[in-house]
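Quick note, the sequence shown lines up with residues 1 to 201 if you use our numbering.
Rather than coming from a laboratory, the hints here were simulated on the basis of the structure.
Be careful, since some hints might not be right.
To be verified - In silico DSBU-like links for lysine-lysine, alpha-carbon gap of 35 Å or less:
1. Lys-68 with Lys-84
2. Lys-191 with Lys-80
3. Lys-18 with Lys-68
4. Lys-110 with Lys-78
5. Lys-139 with Lys-78
6. Lys-80 with Lys-187
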Amino acid sequence: MSYIVLDLEFNQAYDFEKNKTILLIPSCRFEIIQIGAVKLDNNFNIIDKINLYIRPNLYKEIHPYVEKITGLSADFLKDKPSFKDAYIHFENFLGTEEHIFCTWGSGDLKALYRNLSYYKMLSSDLILKYIDIQNLTTKYLKYSKGGCIGLKTAIELLDLPIQQDFHDALNDALYTAEIFKKLSPEKLNLKVFNSKNVKKK
Numbered sequence: 001m002s003y004i005v006l007d008l009e010f011n012q013a014y015d016f017e018k019n020k021t022i023l024l025i026p027s028c029r030f031e032i033i034q035i036g037a038v039k040l041d042n043n044f045n046i047i048d049k050i051n052l053y054i055r056p057n058l059y060k061e062i063h064p065y066v067e068k069i070t071g072l073s074a075d076f077l078k079d080k081p082s083f084k085d086a087y088i089h090f091e092n093f094l095g096t097e098e099h100i101f102c103t104w105g106s107g108d109l110k111a112l113y114r115n116l117s118y119y120k121m122l123s124s125d126l127i128l129k130y131i132d133i134q135n136l137t138t139k140y141l142k143y144s145k146g147g148c149i150g151l152k153t154a155i156e157l158l159d160l161p162i163q164q165d166f167h168d169a170l171n172d173a174l175y176t177a178e179i180f181k182k183l184s185p186e187k188l189n190l191k192v193f194n195s196k197n198v199k200k201k
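Work out the full structure: start from the sequences and follow the hints.
Structure follows, in structure tokens:
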């Protein structure tokens, strides 16, 4: 069994004339433009990683805020693989071994489901075993300032080195993996993501 630490970066619709975020496709508000993942063994050691950039199809222009925090531009992404092709690479990375996903919150899994659903890439409900590292860390640090702790704040409070920029899917997956290894929980709080429970819009 392995752990798959997953992080995603998204784009969303923006009206450049009115300078505001808009909702064009309710069933897929957040389009995935980067997949970053780290594979860990049972001792939380990194054994593989993957970084996939994705050409935007639903929202071809990058939301200004998204471009600001991620550094990803439409020009950079225009020649990258489609979501369907990138996801095939991701599935090959996952392999056939049993695995448990590890994410910073559940938002990425919801976005993943909505993108897969939009492109009709699911033959049945998406059911995944996962560990919410954000929730785990929030409880471990007894953090109570405004709810769940942010990734950068967690890294700082756990005194882990900051060597790469945040808001990059692979970097954030690596940071999340470092936190998971630092906590090395003996008892894993497994959750089950079931797409039946995700609102369609």
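**Item:** Violated constraints from the hint list, given by number and in increasing order
**Value:** 5, 6
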